[in-house]
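Colleague: Below, each chain spelled out in residue letters.
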Amino acid sequence: MRVGVIGAGPAGFYTIQSLLRHRDLQGKLRSIDLFESLPVPFGLVRYGVAPDHPEVKRVALHWSQLMERHRSMVRYFGNVHVNGGGLSLDALRRRYARDAGLFLCMGAQGGDRKLGILGEEQHMISARALIAWYNGHPDFSKHAFLGQSGGEVVIVGNGNVALDVARMLLRSPAELRHTDCNPAAIEAIEAFAARTVHIVGRRDAANASWTARELRELVTLAPDLDVVVHEAMRWNSDNPGTRPAPMSRSQQRALQALQHHARYAEGGSHVASRHPMKRSVHFWFGLTPLSLEGDADQRVQLLCAPNELSYGPDGHVQCRPLQDAQPVRLPATAGAAFRSIGYIVEAPHGVPFDSSRNCIPNASGRVLGLSDAVYVAGWLKHGPRGVIANSLVDAQETVDRFVRDLQHRNSGTVASDGPSKTAEPGIEILLERNGVAYVDWDGWLRIDAEEHRNGLLQGTDRRKILTRAEMLRIALDTSVPKTDTQFS
Amino acid sequence: MNVPIKISLRALRLINVKTPHNVSGCSMLSASGNWAERRLWLSAAGLPLSRTSRGRGEIHQRRWSRFLSQEASSLRDDANAQEVKAVEGPAAEVETISVTFVDRDGVRRPVRAPIGSSMLQVAHENSIDLEGACEGSLACSTCHVYVSEPHLKRLSEPSDEENDMLDLAFGLQENSRLGCQIIASRDLDGMELTLPQATRNMAVDGYVAKPH
Ligand SMILES: Cc1cc2nc3c(=O)[nH]c(=O)nc-3n(C[C@H](O)[C@H](O)[C@H](O)COP(=O)(O)OP(=O)(O)OC[C@H]3O[C@@H](n4cnc5c(N)ncnc54)[C@H](O)[C@@H]3O)c2cc1C
Ligand code: FES
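Quick mapping for you: the protein sequence lines, in order, are chains A and B.
Position one of the first sequence corresponds to residue 493 (our numbering), numbered consecutively onward.
Position one of the second sequence corresponds to residue 426 (our numbering), numbered consecutively onward.
These aren't lab readings, by the way, just hints derived from the structure by calculation.
Just so you know, even glycine gets a beta-carbon here, dropped at the ideal spot from N, CA and C.
Some clues are possibly wrong.
[To be verified] Quick list of the computed label-pair ranges, beta carbon to beta carbon:
{"hint": "1", "chain 1": "A", "residue 1": "770", "chain 2": "B", "residue 2": "537", "range": "52 to 62 Å"}
{"hint": "2", "chain 1": "A", "residue 1": "856", "chain 2": "B", "residue 2": "552", "range": "26 to 36 Å"}
{"hint": "3", "chain 1": "B", "residue 1": "621", "chain 2": "A", "residue 2": "573", "range": "29 to 39 Å"}
{"hint": "4", "chain 1": "B", "residue 1": "621", "chain 2": "A", "residue 2": "610", "range": "45 to 55 Å"}
{"hint": "5", "chain 1": "A", "residue 1": "806", "chain 2": "B", "residue 2": "600", "range": "27 to 37 Å"}
{"hint": "6", "chain 1": "B", "residue 1": "523", "chain 2": "A", "residue 2": "634", "range": "51 to 61 Å"}
One chain only, chain B, in its complex shape (with noise of 0.2 Å):
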């Protein structure tokens, strides 16, 4: 049985692999890094993915171990080279849209989100106070937003596992759908996103520190 496990970034940090904060501009491993980003910067640092499911950032656990054993040492430099080429590569000209999420406050704040991305990377990228507690595995219903209306129709049906989710979620409306669960593309191009109120007044504490 191919069983994937998670590999944390602090296994990583655990056997050595050098660590991108020297690496200018890549926010990848940072402690938010997200699974696309992950995937990247693991298949980037020529780790083995698993193929069933590659989507997540999981690798092959048989492989895995016969790579720690082997191939520890020697991905070192080899892994920080070429995460610089993957950072820099193709980050520079992806298409983007605009969106505009609502606030908590009402505030509007519109952004350019870059096609590909998932609503919930979207607003931690614009330090947008959506929670996201479990980084977009569909597994704690944080990063519900509001959809606007002529897109919503667009977005494709939410998923038994997203309706899951959605059960629970504070304030649940007709047009909600979960953030992480939303892809950037170009019919969704000025979109929407209002934020559930719980409660005002709360303001960002940076959500992100970016390592540079």
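Excised from the complex, chain A in its bound form (with noise of 0.2 Å):
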């Protein structure tokens, strides 16, 4: 049987796994192919999560091993974006989902929300794009952000990559270059020398979504960092019968960190830092978002309307603007201000989309609505939101209805491989017809062996390749050493 995965993500490499450990399996994959548009793997653990965590990058190690140990088992198609022009999913589908299985392992690609206001598109930035300019993503790579010098920053949202921004923003410039940040970024984060960031939600602090590590990290980020909290919102006591719901663990202990490190400022004003020589971190509760404005001199305004929260019938916080309230004004230096409130599912083209849920229909990861055996993991499963873990779980439950259906399919057993009824050529064949230069596994390990001998002249354990066009020249050029995984 041969099964395909696209996405070269934690879910489609736990996927893999998952497929590769399943007992009813054993014996009877013959190969799993794995598709990803960008010359090298990892998706989000390379180039979404913060250079300056490289123990949760160190996951990517585990994922080489599992290839290493499978090399004839798994091949990998880098440079290869499905219904991108070279490969399309119905070729896909019907080379895979017809008799085996097709796993759609490609994240949240629609973007970021947008919070829909006056002067978004002109002034603010979203934390998706500054994230891949440091983290060195070849198409952001050789973006210009923070090219104003002015140190004060204004971040929308209340998740963990609003923290990674801010914190990343912070870091001392000295401990980011002993990290694979992108270098271009390093630089322009030192020349920025953030003094004052603002972090606006629109609830409560309970009700924020990070977790309890992430904060607890940037508000001990350093010792002269000013932690300062702002509860801007007016509570409704009109409905007393109404109370909030129980809060989990994480944010129960999210909240009493954030009451263990930072001052409470009085009345929700805009108070001066007590400590003008800090930098300081100011987390603003309960704001609307209205409006950006530019002024004068280099920077711009960001305009919110303090809410007036209350617990809906389901003990959720709801919020509204409150009219008659004195609007707050936050200060960015220009191209500091940055939207951070979730990212974007997009179906591909010919899948099922549930834009309630903002993920692709599915039962225990069988996509509904198709008759071929297509499945899903991953964030494009069951939304972006958790974390890598949870990718683990989730690419589990997933073979595991695979397996089902297989089972259901053949009644009882897992058939060891189908008729080859088609004669349809080899898929590598397939790309090379299309003119795809596609990157093979042995590609990626030249690719990585160029960036750990980069990395160490410089004192780091990795520069990255800031370009494709430079990818895929080490990654096609066989003379060049690759890394032997069998030793890292």
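Take the two lone chains and join them into the complex the hints point to.
Modeller: Structural data, given as structure tokens:
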């Protein structure tokens, strides 16, 4: 049986791992073909997870070992953008989803959510783009972010990604030099010299969606960091019958960490820092952003309305901007106002989409509404939230469903191989015929080795290759030595 | 400022430090190499470990650069000789306790755990399917286990960092802990660790190809 996996991020690799480990599939799989639009693997582990979290990125080493151990079984096709010219999803469905299975693990490719406020297009930058830039993503590595010096930052959003941005901008460049951060970004972060960071959320601190680890790391980042909480909201007590939904353990601990490390500003007003020499992080709760305006001295102002908060019938907090309250103005250096309010999933052509849940409709990973065996895992399956560890559990569930479907189709057993009805050409031949220069696993290992070599010369573990052209040049040049995963 | 860098073993390869594959019984530089093993190897190889970060196999940046320029070539043979000692010396006499893993299929797997080793290491040495994505650096929660009652009490309270990761663990219970933070000691003899069941039917694909 030959299966296909699209997307070489956590969901793709954990799907492959689960396929290889599943009891009922032992000896049944003939090959697993993995397609990835970039020349290089690992998805958001490489281009999302912050460079100052190398311990999180270490999981990629495990996947490399998996690929090494199953070299004869798993084939990597990098630089193959499915549905982006070269190879269509329909062709892959015909090839894999008729008799075996095709797994969609493409993450959230629909960009990021917008606030929809005045001045946003002109003055606000997506955190997603900034993150791709500091992580050296080939489509973003040459951007020039943080061009204006001034040191004032505004970030709208109350999740871990917002905290990542704040932390990276406040991190000392000396520390960043020992990571795989894009060197241009390190320089820009150094020149920008963040002094004040405002983090803005609509709800209260208890309902923020960050986790305790990320929060504690930011608020204890440096001894010279002043952490201030502003509660700008007003609580509506007209409806005493409704009570807050119980907080999760994670929410409770994150709130405790904030309360422990921050000082609370009186009355939610915009107080000047008590320590003018210190850098500061200001958490603003209960604000709805209204508009962004540029002013004469290369700054932008985010205008926000304080919210009225109340608990809905389900115990979840609801907010409504107050018309009568004094608006709050938060200043940022031009080019340093970011939004980080969520990613958007995009269904590939021909696959249904559930816009209310921001994912592909599925039952335990089997895509609903399609007659062939198409499955999903990762962010595409349950929406763009959750950590890498979730995609492990998630991929196991999807693969379990796949096996049950196979058993059902073959009344109880998994057939070792369907009859090869079609005399379709091999996938390599198809790619070559369509003019796609794909990168195989050895090609990636050449890039990997080159990145390590460059890193070593600059006192760090890795310096990423920053353009597709350079990646392809190295990957396709068989004279370049590659990483020996046996050893690493 | 002392900035420790985490040195990749690939980096060692690139400067031609001899690989240990040809040293009998040595799995220290295997792809799975955990920090304890790496530390052992790094110090055996005479690599300058930073004082503050000894525990994690990190080495001191400035000294590392100096080392690179001066000692790379002379190190090679020396390291190889000492390595053998480091592996064959103490490893033989380490005291062990008995620990039982209950895997995702409910199958009980009794194993011996050397005193001082983490349950993540022990699981991997015995091909038990405990994930350990961040190799014990408290950044992933994939090494989550349930600990048997009398032994749970004997463990020290989880640190803030461990609790932070437990927050995100799948199927959290009162007796949840992270396997990479449980270190074998005498009073844990007989401990039972149950892997959370996300799904059943997982076989192990031979977790570590141990180099010999
Ligand atoms: C900024 C940020 C920081 C994060 N930090 C952490 C953290 O510290 N710890 C943690 O546990 N989690 C973190 N996460 C969450 C984690 O990254 C996700 O849970 C995980 O990456 C989701 O995996 P995925 O495989 O579904 O998607 P992705 O990682 O996005 O992988 C999808 C892959 O599919 C490829 N692809 C897309 N479309 C196509 C196509 N048409 N053809 C071929 N290939 C395609 C993409 O190039 C990509 O490689 C972070 C997320 C973000 C955004
Ligand atoms: S191995 Fe990652 S937290 Fe234990």
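Colleague: Now, for every hint given, state plainly whether the structure supports it.
Modeller: Quick rundown of the hints versus the structure:
A C-beta distance of roughly 53 Å is found between residue 770/A and residue 537/B, which places it inside the suggested range of 52 to 62 Å. Residue 856/A and residue 552/B have their C-beta atoms about 28 Å apart, which keeps the hinted 26 to 36 Å range intact. Taking the beta carbon of each, residue 621/B and residue 573/A are about 36 Å apart, inside 29 to 39 Å as hinted. Residue 621/B and residue 610/A have their C-beta atoms about 48 Å apart, which keeps the hinted 45 to 55 Å range intact.
In this structure the hint that residue 806/A and residue 600/B lie 27 to 37 Å apart at CB holds, the actual value being about 31 Å. Hint check: residue 523/B to residue 634/A, Cβ distance near 58 Å, so the stated range 51 to 61 Å holds.
In summary, the structure agrees with every hint in the numbered list given earlier.
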